[in-house]
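Trainee: Sequence:
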Amino acid sequence: VQASITPDAPHLVPGHRASADSDWGYGYQWWLPGGDDKQDYAAVGVYNQFIYVNPRSRMVIVKLSANSSYGQSGSESASREAETIAFFRSLAAEY
Numbered sequence: 001v002q003a004s005i006t007p008d009a010p011h012l013v014p015g016h017r018a019s020a021d022s023d024w025g026y027g028y029q030w031w032l033p034g035g036d037d038k039q040d041y042a043a044v045g046v047y048n049q050f051i052y053v054n055p056r057s058r059m060v061i062v063k064l065s066a067n068s069s070y071g072q073s074g075s076e077s078a079s080r081e082a083e084t085i086a087f088f089r090s091l092a093a094e095y
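Residue 29 in this note's numbering sits at position 29 of the sequence shown, with consecutive numbering throughout.
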């Protein structure tokens with residue numbers, strides 16, 4: 001698991017980069033949201049589906065979705081990925 005969530009190139013490491021619109025990192029099909037919780041990671045699917053994993057709280061959250069406007073624009077408000085991760089993190093922080 002650790003190898004699959006370890007970025008293998010500098011442009012895949014979480015954090016602000018001039019080459020990306022997001023501060024998320026990436027490793028072997030897992031997105032690394034970055035920010036304060038450096039241990040969590042997520043699979044993000046089409047139409048806003050998620051598998052969120054937070055090892056510290058021993059929590060896995062699966063979100064099924066059929067957001068018909070997903071991918072229609074490049075705006076965060078259309079996909080709400082950062083908002084969803086923030087919500088998952090708030091749930092994990094309670095446990």
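Honestly, the hints are just simulated from the structure, not real lab data. Careful, some of the hints might be misleading.
Below, simulated EDC-like cross-link-like pairs (lysine to aspartate or glutamate); rule was C-alpha separation at most 20 Å, straight line [what the hints assert, rightly or not]:
#1 K38 <-> D8
#2 K63 <-> E83
#3 K38 <-> D23
Label-pair restraints from in silico Cβ distances [unchecked claim]:
#4 Y28 <-> V62: 17 to 25 Å
#5 A66 <-> A3: 30 to 38 Å
#6 N67 <-> D8: 28 to 36 Å
#7 R58 <-> Q29: 20 to 28 Å
#8 A93 <-> Q49: 18 to 26 Å
#9 G35 <-> S4: 16 to 24 Å
#10 E94 <-> P10: 20 to 28 Å
#11 V62 <-> A82: 12 to 20 Å
#12 A86 <-> G45: 17 to 25 Å
Being a predicted model, the structure only gives us computed values, none of them experimental. Backbone N, C-alpha and C define an ideal beta-carbon position, used for all residues, glycine too.
Trainee: Are the Cα atoms of K38 and D23 separated by 20 Å or less?
Mentor: holds, 12 Å
Trainee: Check whether the Cα positions of K38 and D8 lie no farther apart than 20 Å.
Mentor: Measuring from Cα to Cα gives roughly 16 Å; hence the hint holds.
Trainee: Please test the hint of 12 to 20 Å on the beta carbon pair from V62 and A82.
Mentor: Cβ of V62 to Cβ of A82: about 19 Å, so the range 12 to 20 Å holds.
Trainee: Per the hint of 17 to 25 Å, is the separation of the Cβ atoms of A86 and G45 within bounds?
Mentor: With a Cβ separation near 18 Å, A86 and G45 satisfy 17 to 25 Å, so the hint holds.
Trainee: Would you say the C-beta atoms of A66 and A3 sit inside 30 to 38 Å of each other?
Mentor: holds, 32 Å
Trainee: Can you let me know if the beta-carbon spacing of A93 and Q49 is within 18 to 26 Å?
Mentor: holds, 23 Å
Trainee: Given the hint of 28 to 36 Å, is the C-beta distance from N67 to D8 inside that range or not?
Mentor: With a Cβ separation near 30 Å, N67 and D8 satisfy 28 to 36 Å, so the hint holds.
Trainee: Please test the hint of 20 to 28 Å on the beta carbon pair from E94 and P10.
Mentor: For E94 and P10 the Cβ distance comes to about 35 Å; the hint is violated.
Trainee: Would the hint linking K63 and E83 be met if the CA-CA limit is 20 Å?
Mentor: Holds: K63 and E83 sit about 13 Å apart, inside 20 Å.
Trainee: When you take the CB atoms of R58 and Q29, is the distance between them in 20 to 28 Å?
Mentor: Given about 22 Å between the Cβ atoms, the range holds.
Trainee: Mind checking the hinted window 16 to 24 Å against the Cβ distance between G35 and S4?
Mentor: Holds - the Cβ-Cβ distance for G35 and S4, about 20 Å, lies within 16 to 24 Å.
Trainee: Is 17 to 25 Å a correct range for the gap between the Cβ atoms of Y28 and V62?
Mentor: holds, 19 Å
In summary, the structure is inconsistent with hint 10 from the numbered list given earlier, while agreeing with all the others.
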